[in-house]
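Participant: Sequence:
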Amino acid sequence: MKKLVKAYFEEAIWLKEKYIPTMEEYMSNAPISCGYPMLSTKSFVGMGDIVTKEVLEWVFKELKIVIVASIINKLMDDVVSNEQEVHAEFQKQIVNAWKDINKECITKVPVPLHTHVVNFARVMDLLYKDEYACTQLGGMMF
0 MKKLVKAYFE EAIWLKEKYI PTMEEYMSNA PISCGYPMLS TKSFVGMGDI VTKEVLEWVF
60 KELKIVIVAS IINKLMDDVV SNEQEVHAEF QKQIVNAWKD INKECITKVP VPLHTHVVNF
120 ARVMDLLYKD EYACTQLGGM MF
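Heads up, the sequence shown stops at 141 in numbering that gives the first Met the number 0, and the numbers go up one at a time, no gaps.
Please keep in mind that the hints were generated in silico from the structure rather than gathered at the bench.
From a predicted model like this one, the values you see are computed outputs, not experimental measurements.
Misleading hints may appear alongside valid ones.
[What the hints assert, rightly or not] Under the rule of at most 27 angstroms between Cα atoms (straight-line distance), these lysine-lysine pairs were calculated in the DSSO-like manner:
1. K52 <-> K41
2. K102 <-> K52
3. K17 <-> K60
4. K60 <-> K41
5. K2 <-> K15
6. K5 <-> K17
7. K15 <-> K52
8. K41 <-> K63
9. K91 <-> K1
10. K98 <-> K63
11. K17 <-> K52
12. K1 <-> K52
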């Protein structure tokens with residue numbers, strides 16, 4: 000929660016000062032400010048006996064799979080509101096992020112936990128792949 004608030008504060012400073020962060024600055028803050036790491040951790044609560052102390056320690060280590068899924072989340076959200084050249088760069092980063100997720104899924108952590116983390120990124124992929132499906136009626140959602 001502290002990391003999320005710190006990331007929000009960073010974005011608030013950028014907004015107040017009308018500062019446009021570099022892509023590097025943005026990408027260092029974005030995976031946290033999207034709220035995904037906190038959401039994925041909290042979502043494990045109702046999963047029953049599969050979530051052990053070791054699993055919680057695993058997820059609190061800022062895992063690559065959680066960070067990469069967060070990047071997909073943030074980029075898919077931001078890609079619909081940016082210029083064409085930025086859009087192309089975001090798409091390239093999203094493709095690379097999916098490759099990283101595939102690599103991270105080959106570990107000793109129970110598959111349902113990986114699936115749970117990845118499913119959040121899949122939702123963003125569905126909502127934002129070609130257009131913002133929440134405001135564009137028809138298409139994939141219907």
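Participant: Indicate, hint by hint, whether the structure satisfies it.
Facilitator: So, going through the hints one by one against the coordinates:
| no. | hint | verdict |
| --- | --- | --- |
| 1 | K52 <-> K41 | 14 angstroms, holds |
| 2 | K102 <-> K52 | 24 angstroms, holds |
| 3 | K17 <-> K60 | 33 angstroms, violated |
| 4 | K60 <-> K41 | 14 angstroms, holds |
| 5 | K2 <-> K15 | 20 angstroms, holds |
| 6 | K5 <-> K17 | 18 angstroms, holds |
| 7 | K15 <-> K52 | 41 angstroms, violated |
| 8 | K41 <-> K63 | 17 angstroms, holds |
| 9 | K91 <-> K1 | 30 angstroms, violated |
| 10 | K98 <-> K63 | 12 angstroms, holds |
| 11 | K17 <-> K52 | 43 angstroms, violated |
| 12 | K1 <-> K52 | 21 angstroms, holds |
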